[in-house]
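Q: The chain contents come next:
Protein chains: 2
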Amino acid sequence: MIAEKNSITLGAFAASLCLGLAASARAQSPRPPQTHSPIVHANRTVTFNLRAPNAKKVELSAQFLKGNQPLTADTNGVWSVTVGPVEPNLYPYNFVVDGLSVADPGNQHLFPNERFKASLVDVPGDQPSLYSVQEVPHGEMRYCVYQSKTLGRVRPLIVYTPPGYREGKGKCPVFYLVSGTTDTEETWFKVGRVNFILDNLIAQKKAVPMVVVLPYGNMMMGTPPPTSIQAADMYKVFNDELTRDIMPFVEAHYRVISDREKRAIAGFSRGGGQSLFTGFNNLDKFAWIGSYSAYLTPEVFDKYFASAAADPKATNKKLKLLWLGVGKADFLYKQAVEFDDYLKGKKIAHQSFVTEGGHTWMNARHYLAETLQLYFK
Amino acid sequence: MIAEKNSITLGAFAASLCLGLAASARAQSPRPPQTHSPIVHANRTVTFNLRAPNAKKVELSAQFLKGNQPLTADTNGVWSVTVGPVEPNLYPYNFVVDGLSVADPGNQHLFPNERFKASLVDVPGDQPSLYSVQEVPHGEMRYCVYQSKTLGRVRPLIVYTPPGYREGKGKCPVFYLVSGTTDTEETWFKVGRVNFILDNLIAQKKAVPMVVVLPYGNMMMGTPPPTSIQAADMYKVFNDELTRDIMPFVEAHYRVISDREKRAIAGFSRGGGQSLFTGFNNLDKFAWIGSYSAYLTPEVFDKYFASAAADPKATNKKLKLLWLGVGKADFLYKQAVEFDDYLKGKKIAHQSFVTEGGHTWMNARHYLAETLQLYFK
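The listed protein sequences correspond, in order, to chains A and B. Take the first sequence: its position 285, counting from 1, is numbered 285 in the numbering used here, and each next residue is one higher. Take the second sequence: its position 45, counting from 1, is numbered 45 in the numbering used here, and each next residue is one higher.
The list cannot tell twin chains apart, which means a pair is met if one copy fits it or any two copies do.
List of simulated lysine to aspartate or glutamate pairs, EDC-like, C-alpha gap at most 16 Å: (1) LYS285 with GLU261; (2) LYS56 with ASP98; (3) LYS149 with GLU135; (4) LYS171 with GLU261; (5) LYS57 with ASP98; (6) LYS285 with ASP240; (7) LYS205 with GLU370.
By construction, these hints were calculated from the structure, which means they are not laboratory data.
Taking the hints into account, I'd like the entire structure generated from these sequences.
A: Listed below in C-alpha cells is the structure:
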C-alpha cells in the first residue's frame, strides 16, 4: 500500500498522527519506516540514507568527495553510506539513483537552482563556522518583487537588512551580490549564507553594516551557448536591469546611500562576469567590484572598456577595490589568470586571491567572507 | 562523460557557457539536452518531462489526478506525459521513478517540506488567480531567526509585512498562521502564497492590512505516533513556544497591536489543531481562531477547555470568530464534523465552511482567502 502512496500524501497522512486519530484510523494508514538523512557524527563522518526499494544502484555525489560513492541497501530497501571524516564546511550533495540525480528527501535544506536538485549538509568544526547562526544580533532577509521595465515582467529580489536596520533610521552602504548560472535569487541566501556571515562579521566589527541586494541574475536569454561577445550582450541586459530597474527600486524603498563609494557589486561564476561588466560599465556608480570564480575575456574588455584600459590612472582613482578570487582547481582558472594578467598588462590595480579548490560554493562563501571585510572601508 | 557528471557540476559548467569560453573549451564539456518541465499550454493541458534514461517506469503524481499517470520515454530517455485540461489552480506534484518520489528537476518551484520533495505547477485561468502576482502594491516576506527559550535553540520565522508598512509608522493587527505536519515555516509562503493573496485582497479592499507571522510548527517531538492526548501535549509545547517566545519577539520587533481583538491564529492540518488549542488556551490573547482541515477531539476539548465549554455565553463573547473549514473528501472529514457537532452541542458559536476536495493545499489556500476577508472586521 505504501508503495502506491505518492510522497505528497505523506505530509497529509502524517498530519493525522499528530491530530490524534483513534488507533483504528491509524491502522488504516501505516507509516513507512522513516529514514533520517544526513546524520553528521561527532567525529565528522556523515551517514547518508535513502529509501529506494526498487533501485539497482544508488550513489552519493558530494563536493567533499573525489568521485561518486556507492550506497548499499538493507533488506527494507534503505540505502546507506558513511563517509569521512569530512573537512568542516557546508556542502551541496545529491543522490544518483540509477543515473538520476535527486535531492535527499530526508533533508529539508535544498540548493535553490533552476535545473538541478541538490541538498545541503553542514559539517561543523570545533569552532562555530562563520556561516552558522550564532548568538549575535541578526538581520532580515526580505523577499520582495519589483516591476522590470527592461524585461517587461515582475521579478523577485531578496534584500538583506543588517541588525538594527529594522528599528533604526540611518542609511547604509549597499552591496549588489549576484549568483551564478542556473542559480536563483535565493542561492546566495540558502547556500551562500550571506546573512549569517554578515551578522557574524558585523558582531565581530570586521564588516560595516550594509544592505545586500540579491537579484535574480538569469536574464532569460542565452541558448544556444553564446560566444564571449554574445555573453557580454547578455551582460548588457543585466546591466540595464540592475541600473534602470533594481537600483531605483532599492534606493526608493530601502535606506541606502546613493554614492558610488558606498556601492559595491560582486558575484559568483556568471554573476561574477555580470558584476565585472556592470561595475566597469558604471564606474560612476560603483567603487567596489568583486569577481568570485569569474573573469572577462580580453576580447570583451577591449571592446567595451577600452577607455578604462586607456587611462588606468583615472580608472584606478575610481576603483576603491577590484578583487578577483579563484581556486586553482576551478575549470575557469586558466581564463581567470588570463584576465588577471591582462589587467596587470593594462596597469589596472586589483587584488588577486588564489585558493585551493574549484568552482564551488565553499569557495564562493570564502571569497564573500574575505571581501565583506574590505568593502566600504 | 555527461553520465559521469553529477548534477551539482551542471550549474558550474553551464556557467562557462555564459562566461564565454572559446569554442574548443565548450567542445570539451557538451551540454546535455535540457528538458523543460512543466509546460502549461493555452488550453490548460500540461506537459511534464523528465530525463531518466535508465528508468524502467516513470509516473506523474499530482493533486489534480485521481491516480498516478504513466510517462512514456523517447529514444533520448526523456519521459513525457501531457494531461488535462486541468482546473486552474496551483498544484503540488512529483514524479515517481521506479517507485522513488522525486521533485521535477526542470522546475525551480519546490514544495518546502521536511520529508517529501514535490514541485509546484500553476495552471492559470482566464482571470488572474488570487494567489498570483498582480500589479498591486506588494508587501515583504521577512525571514528572521529568534532564540526559543522553550526549545533552547534558535528557530526560523517568516513575517509578512503589508504594502506601505516599510515606509509607514502605524501599527497593524497580527495573524499567526501555522502550517501542517512535515511542512516548514516556508510552506504558507511558497505553497500557500499568503503574501500575494493578501497583497491582492488588500488592493481590492477585501482584507485589512495586517502582519502575518509564519512559525515553524514542528516542535521536534512526536514519534512514536501519538494518541490524541499525546498530540495535545505537543500542542502545549507549541502553545508555550508561541506565547512565550514568538509573540514577545514579534511584538518587540514589528509594529503590531497588542490587543486580543487585533490578534488571529489559524493553521492547516496539524497547524489547525495547534491553532485551535492555542486559541482556546489563550482567549485573553486571541479573538479570532481559524481551523483549516483540522479539529480537536471532544476528549481533548473536555480535558483542556472544560471551562470554555461550561460557559458558552462568556466564550462566545470573547470569540469574534471561530471558523472551521474542511473538504468533504478530506481523510479527516469525519473527525472535523464530529468536532463541529461537539461545538454545536456545547453551544459554542462558530462558522462552518464545507467544500469539495480533500486535505490539500488548494483547499488550505481557499480557506485562508475566505478567512482573510473576515479577520479584524
